[in-house]
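Engineer: The chain contents come next:
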Amino acid sequence: MNGTIAWLFAVTFVIGAVGLLGLVAAIARRQFGAGGAHVPFLDHEEGWAEDPVATPRLQRVLGATPRSPDPAELRDRDACDRSSRGPVLAFVLSAVAWLAVGSIFGLVVSLKFQYPDWLTDQAWTTFGRLRPLHLDTVAYGWLSMAGMGVALWLLPRLLRTPLRGGRWATAGALFWNIGMLLGTGALASGWTDGLEWLEYPWQIDGFFVIGGSLAAVPMFLTLPHRKVDHLYVSALYIIGALVWFPILFVVANIPNLHFGVEHALVNWWFAHNVLGLWFTPLGLAAAYYLIPKIVGRPIYSYQLSLLGFWSLALFYSQVGVHHLIGGPVPGWVVTLSIVTSVSMVIPVFAVAVNHHLTVLGRFRALRHSPVLRFIVLGAMLYTAASFQGSMESLRSVNTLTHFTHYTVAHAHLGAYGFASIVFFGAIYFLMPRVTGVEWPWRPLVDVHFALIAVGFFVYFTTLTIGGLLQGQAMLDASRPFTDSVSAAAPWLWGRTAGGLLMTLGHLVFAVHVGALALRAARAPALSLTEEMT
Amino acid sequence: MSPADLPQGREGHEPAEAPRGVPLVVAGLVVVVAAWGAYTFATEIGPGMAPYGDRRTLAALQPPETPAGGGIDGGAVFAARCAACHQADGNGLPGTFPPLAGSEWVVGAPERTAAIVLTGLTGAIEVKGTSYASVMPTFRDQLTDGEIAAVLSHVRGSFGNAATPVPETLVAGVRATLEGHAPLQGQAELVQLYP
Amino acid sequence: MSTEALATAVGSAAIVLFAGGALVLAPYLQLEHIEPSPGLRPYTPEEAMGRGVYVSEGCVYCHSQQPRDPAQAPDDQRGWGRPSVPGDYAYDYPHQLGTMRTGPDLFNVGARLPSADWHYLHLYQPRAVSPVSVMPSYAYLFDHVDTVRPGDLVVKIPPEVQREPGIVVATPEAQALVRYLLRLDHTAPVLTASQEEQP
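Protein chains in written order, with the working numbering: chain A, 165 to 697; chain B, 6 to 200; chain C, 48 to 246.
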């Protein structure tokens, strides 16, 4: 039976992988073949650059010529941003608040490796409670809400029509926040489903299901009204994400259906897909939109975008079981996940080529555009995290890195280095647009960037080294197990130091966002549409 | 307010994608990965132990073959089974877990220590002038005669102790004598059994 | 909704369902009728309560329960036991396989460390028995009392690590947790000596 499975998978895999190329060619021929390619700014490639917190030199170094905006396009764009204002603010402001809370949880957790007897008088302040609180607060409070906020802002712009049914999404943010509050309380009190990434009790998960579904309503209401001939790649990623996450979340949270090691399989299928099919597509949607927007150039290749999207869907959805390499689960499932993990080099390479060749030749803009700095750094770390992930899934590498801090560092490279940093950039770009208020203190953006960039560099490198030393000690049976603890210990100070800088950066960010929101609340922004009518 | 003052007014066109096609190097990568993947499936998944878990081997799931005497590392058994309580340096924990280093019981009659490991011990035992009352668990089912002989020999020859090694046959003899015996009730019963 | 958007939505859903079929449904059908491993019995109520404490205190974030095969890693030489198999987890819900070994694997801790006294002291103050340990103290699972009542389980804690004055008594939660830990013993062989590889 196992032999049959092998050939079944081998054939399916080859057809899937190579079929992708055919699919891409076919779609592209339909888009461009009839001679009616709709690519608005190909004619004037050196377009206008924009970054709300850039220095005035940005335009000059990019050689852009000042121009006055096309009134019709400007009116449309303003109408789009006004239509998404409510839900975007609801999601983004909540996300930033959860980021601040989640960072503090993370910092305390890290400090516990240095001071294990600190805060152990009460159950809720111990490592085993705060560790899942950190993960779930940043994953579902910060990343998910930021991703949905950015997606809701992008949708009307991508479809060139105001968002329909934005209030459904605003209500969704409310439900999601209630779920977060209840879930946080539950975990603090020790009430948990007991699975990593799925800790929130299933009795509370309903709030997330309702909240997430409501957030997706405007997408389905707005799509039929779209005023563009073809969907820009960011729209594909947003559609994918909003379809994938509900399926995954519901299947993985059904109580009393799963059992024994099958429970572990569904656990890790879900957990890796939260990154792969939820944070990643939302982050890529933002990067794909903002890179060409800021550098004023079209994305390098439409066909590559398509290849990147569909191969991500095909491969990323099957990588989760690489978390169980060497575990008590059927060997063929592990092999399947290893092969698809390695195959992730295809979408990652496609996206990397597409992003970096778009910026190529305009890297000078990084000096003058803080937003671009966030987005490009995030895009680069996406490439790095993904290649690292493919490597880590190889059995030889995994034997060393599994069960160590190396994996923790890797998880942060993906969820923080890529997704969070891209969302920072996106939020800096969108907030002045949905509120009509400029950022109060532009230098704070540079302070934020410096703190998190240096902090994350320290965090990642020290934790990676500590993890490798830990793994090395653990694999050498002639050394006592405690050697693996003491080998990593000094490097965990680096994690705490880096985490402290990152947390400070987040507080700076949160204060800045709060100040902008206050100004917007005090002086309701003038709208172009009102002005013109 | 003039349109150009709005943030939206400073923006260029909405992003688009150029119809540049898939670079050959990317297409080549797809083909290479597809070939590697097919090869990996075909070689890794096959007859074998897959239902028992990833990379399981037959021998690891069968009863361990009893290694011939002398082939067992007593130090490894000590690290895995004994060091948690008696500590890696054999000094125990004052007042809680008795020391093995310099213990009169360890270097004394090997039947006594073999009996303690085999049946466990509850109740008081005086070691180096201090009385201990913790419970020593039984290792009757966890360790073979060979392993017990190896670990006793290790303990008798480490931490400054310099007593002779314990033969496996001696452990087997004590095991036969104390078959089904309840945990020893303190040092009194121990001394009574092996005066 | 346009065909392109519809195709994207439907195609995306189909792909993720296919993945779920491969990674979850197919193993579900393969494992559904798996027998508990030889010698494995269901949890007693007290052990189940202890497992609940293990889950709600988040032990899984530092301790795995899945020894690897000796061909891959020397887990067996650390006393962590034979490689685990699906039948070992027949009564485990939620699963606690874990992905981190800040501390050692616990799947056979009951066989490796059978002393209840050790577990109580270690839970109360891990650094009393293992100085480099970074495990939290679970002293809050113990009571400090002046007089011992009948039925109290007094645990011996060296005075220098005691958190509060008084006699240290294990709460029912601590007792259940230790019962669960001592029950973690999956050392019985899965196959007989003569058994051969599955075809």
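What the hints contain is simulated information worked out from the structure, not anything from laboratory work.
One thing to keep in mind: the hints can contain errors.
Interface residues of chain C toward chain B, partial, derived using beta-carbon atoms under 10 Å [as the list claims (entries may be wrong)]: (1) L76; (2) Q77; (3) C109; (4) G126; (5) R129; (6) P133; (7) R159; (8) V192; (9) T194; (10) T218; (11) Q222; (12) T234; (13) E243.
As the structure is a prediction and not an experimental result, all values here were calculated from the model.
Glycine is no exception: its CB is placed at the ideal position from the N, C-alpha and C atoms.
Engineer: All hints are to be evaluated individually against the structure, with a verdict given for each.
Structural biologist: Going through the hints against the structure:
Taking 10 Å as the C-beta contact cut-off toward chain B, the hint placing L76 (chain C) at the interface is violated, the least distance being around 13 Å. At about 7 Å, the closest approach between the beta carbon of Q77 (chain C) and any beta carbon in chain B falls short of 10 Å, and the interface hint on this residue holds. For C109 (chain C), the shortest C-beta to C-beta distance to chain B is roughly 17 Å, which exceeds 10 Å, and the interface hint is violated. For the restraint placing G126 (chain C) at the interface with chain B, the shortest Cβ-Cβ distance is roughly 3 Å, inside the 10 Å limit, so the hint holds.
The beta carbon of R129 (chain C) is positioned within 10 Å of a beta carbon in chain B (closest approach about 6 Å), and the interface hint is therefore held. At its closest, the beta carbon of P133 (chain C) sits 7 Å from a beta carbon of chain B; the interface hint therefore holds under the 10 Å criterion. Hint status for R159 (chain C): holds, given a least beta-carbon distance of 6 Å to chain B, under 10 Å. Taking 10 Å as the C-beta contact cut-off toward chain B, the hint placing V192 (chain C) at the interface is violated, the least distance being around 19 Å.
Among the interface hints, the one on T194 (chain C) is violated; its C-beta lies about 19 Å from the nearest C-beta in chain B, farther than the 10 Å criterion. Because the closest C-beta pair between T218 (chain C) and chain B is about 19 Å apart, greater than 10 Å, the hint is violated. Interface hint status for Q222 (chain C): violated, as the beta-carbon distance to the closest one in chain B is roughly 14 Å, over 10 Å. At its closest, the beta carbon of T234 (chain C) sits 7 Å from a beta carbon of chain B; the interface hint therefore holds under the 10 Å criterion.
The closest approach between the C-beta of E243 (chain C) and any C-beta of chain B is roughly 7 Å, which is under the 10 Å cut-off, so the hint is satisfied.
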